[in-house]
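So the chains spell out like this:
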Amino acid sequence: MTTITLAEPPRVLHALRLADTTLVLGHRLSEWTGQAPMLEEELALANMGLDLIGQARALYTHAAALDGQGRTEDDLAYFRDAPQYRNLLLAEQPNGDFAQTMLRQFLYAAFALPFWNAMAASADAVLAAIAAKAEKEMAYHQRHSAAWVVRLGDGTAESHARLRAALDALWPFTGEMFEVDEAERGLIAQGIAIDPAALRPAWEASIARVFAEATLPLPAAGRWMQSGGHHGRHGEHLGHLLAVMQSLPRAYPDARW
Amino acid sequence: MYTQALNQRDAAPAATPEDAAALARFQARIDADERIEPNDWMPAAYRRTLVRQISQHAHSEIIGMQPEGNWITRAPSLRRKAALLAKVQDEGGHGLYLYAAAETLGVSREELSAQLLSGAAKYSSIFNYPTLSWADIGAIGWLVDGAAIMNQIPLCRCSYGPYARAMIRVCKEESFHQRQGYELMLALSRGTAEQKAMAQDALNRWWWPCLMMFGPPDSESQHSDQSMRWGIKRFSNDALRQKFVDATVPQGHFLGLSFPDPALRYDAEAGHWRFGAIDWAEFRRVLAGDGPCNRQRLETRRRAEAEGAWVREAALAHAAKRRARAATPPLAAE
Ligand SMILES: [Fe+2]
Ligand SMILES: [Fe+2]
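Line order of the protein sequences matches chains A and B. Read in this note's numbering, the first sequence has 73 at position 73, and its numbers run on one by one without any break. All you need for this note's numbering is the position in the second sequence, starting with 1, plus 1000.
Since the hints were derived computationally from the structure, they do not count as laboratory data. We put the beta carbon where it would ideally sit given N, CA and C, even for glycine. Keep in mind that a hint or two might mislead.
[Stated by the list, open to error] Pulled from the structure, derived: some chain B residues nowhere near chain A, Cβ distances all over 12 Å: (1) Trp1041; (2) Gly1119; (3) Asp1225; (4) Asp1290.
[Claimed, not checked] Okay, the calculated bits of chain B under chain A, using three or more residues with CB under 8 Å as the criterion: (5) 1078 to 1085; (6) 1189 to 1200.
Start from the sequences, fold in the hints, and give me the full structure.
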């Protein structure tokens, strides 16, 4: 098998965007294995990684069914190059230190929780079922990561400084979560997708509540937001992630594992 | 994973005069197959032996996360990736229960962890070997978890209650890991020529180190007699090793793989697979610190511990702030 470039009618594109974001973020969390600051967090990071990889598998399977070319979840995960990946840029940001990983998880979960809650009413029954499960999972991610944002923000001077540095690094990747393009507008009208812009107030309220408890100042409004992940324009990190993740199936393209 | 019979002699002074009557009552309880619980009286040497064995077992689970963790980011399918991540997570969970079981004997997880990081504590020799291909993940599940089960099933009846109960849960998960590892090996051995070669190479490298997991031969390990009397150990190292070989060899043949032992043959009369001489010099060398990955494994653990220090400090500082705030509520505005 060689590299796949899918024709991406809106429903396939939509499912791929969700699948790629969950896989890339789940993969990032799995990179922590054996490195966590305490055994309990080793287990928690693995839990969250497993939830996201599980969501990705269901979403790829759905994308493959919508694509109708007889492809599998693994074809889509392992045989597309970075420019075909449609994940949010936030998901591909490197783990950095524990503050950066937990803040990235919180910024995403505070969005994903209301997102999947709304998607549970999707006119696409498969997506609705995936959403109902994902919503429960993201409630835990949100709780767990918010608790760490509070501990680190209102912990020691060092943890506070590290969390602020992480916020400075990650904030520009949060705007992309609320973007809508032409491809999704039609799906929103059909009740298949939801309008992420409508989730912004809920997300901002979560951020404000948790940051206040963490004694973390909210970033000034109007800061430039990076964008492009949904269209395959990524940063430099994703290529390395995929080079590692895809290495075996690409080296042995005829193999079944 | 994984307890290993290292048969270390109990180093503490033997002659603290304990009440002979109490010792006799204790032994009678063990002989009656009763479980000893944390608040029960127990001889100091029994306590030390258990702390050493349970903590070595816990350390092995934790260090064992590294060789398998090495392939999580490169797992070749999403199903395998999830399964491996979940397996390594299980091993971390085993470490957690085992540290908790050790804590019931009056030693803290921090002390035990410090012993691991300083190099004072031992862990299973098997994890000082590298995982060089994806097939090693199958081989570890099939063979290393398989050997761990042989060692640990008898521990489900260990005289010390908390250890026995932890083992019941751990063994259930280890047998799931073993089946999953074997299924991975089956997929490789039924796959392409390259996959089959990968599986064979993994078996070649892991077979002998797995036989060493059962510890030194009985001829060199009379010290385990005391553990037997105390109901901590139920079968000898050689008996468990033979049981493992008998169960595993037919499984390997079913895969179409060969074992790296020209002396391996079936003794129909005894009903056992007879195997060649184990290189005990290698076993001693790896235990002494000169295995291929000993330094790397400890270095990785020390780095994770050091890099996590500020996180643990922050958690403690935050908890202290919360307690202080709860203790001095702001004056109520009338
Ligand atoms: Fe284990
Ligand atoms: Fe295991």
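Verification of the hints:
no.: 1; hint: Trp1041; result: 31 Å, holds
no.: 2; hint: Gly1119; result: 18 Å, holds
no.: 3; hint: Asp1225; result: 35 Å, holds
no.: 4; hint: Asp1290; result: 22 Å, holds
no.: 5; hint: 1078 to 1085; result: holds (count 6)
no.: 6; hint: 1189 to 1200; result: holds (count 4)
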